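Enquirer: These protein sequence lines are chains D and G, in that order.
Going left to right, the first sequence walks through residues 1 to 110 as the numbering used here numbers them.
Going left to right, the second sequence walks through residues 1 to 117 as the numbering used here numbers them.
No wet-lab data here; the hints were simulated from the structure.
Just so it is clear, the structure is predicted and the values come from calculations on it, not from any experiment.
There may be inaccurate statements among the hints.
[What the hints assert, rightly or not] Some but not every residue of chain D turned toward chain G, in silico, with C-beta under 10 Å: (1) ALA1; (2) TYR36; (3) ARG43; (4) GLY66.
C-beta: ideal position from N, C-alpha, C; glycine also.
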Amino acid sequence: AQRVTQPEKLLSVFKGAPVELKCNYSYSGSPELFWYVQYSRQRLQLLLRHISRESIKGFTADLNKGETSFHLKKPFAQEEDSAMYYCALSGGNQGGKLIFGQGTELSVKP
Amino acid sequence: DAGVIQSPRHEVTEMGQEVTLRCKPISGHNSLFWYRQTMMRGLELLIYFNNNVPIDDSGMPEDRFSAKMPNASFSTLKIQPSEPRDSAVYFCASSLEGTSGTYNEQFFGPGTRLTVL
């Protein structure tokens, strides 16, 4: 079965601390993985996707096929990073359909 | 471009009433998705359309839910009759399907917060 698991509902860190939001997936083929973010009072929006292999707002995520993980990392958290983060998976033959994880709320304290 | 537009933004109704949620995708996009967000289940895909044709409705909870896309610029999600457990935030998203099986970013609307009393 296709599934995305985000084990942490809430992650609270202090400003300047490293952040790692965990995401594990279950998929039999070659998936495409994404991180979406929803800031307070804003729309859900794409943060990054694994095929781009880029850093957005200081965040990076590496697809580890051996561990079936796609953890989101940032070395130094900022208060403006506080938001809801969703990991999502798309299969190559599923017409762009996304399967989302439950989401992790990141709270960065001053 | 105003992005994906959803209406209403908030809907409060009584159990048994019909509810219709509306979505206008980004002009030029050819895929449209309806999602439901709840605390218990997170974001679930209900149904999606490609070129106005429903492709996968396996996420639609039951026959009380129906969705249509009569043209490229409009879609509706209807619940009839509504029940308290349908209370959730419903999101619409659109994207442009590329060539060679590639799929582009999904752009989300602001959502409709539905409360069924």
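Enquirer: With reference to the structure, classify each hint as holding or not holding.
Expert: Going down the list of hints, with the structure as the test:
Taking 10 Å as the C-beta contact cut-off toward chain G, the hint placing ALA1/D at the interface is violated, the least distance being around 12 Å. For TYR36/D, the suggested interface contact is upheld, since its CB lies about 8 Å from the closest CB of chain G, less than 10 Å. Against a cut-off of 10 Å between C-beta atoms, the interface hint on ARG43/D holds, since the closest Cβ of chain G lies about 5 Å away. Against a cut-off of 10 Å between C-beta atoms, the interface hint on GLY66/D is violated, since the closest Cβ of chain G lies about 25 Å away.
Comparing the model with each numbered hint stated earlier shows that hints 1 and 4 do not hold.
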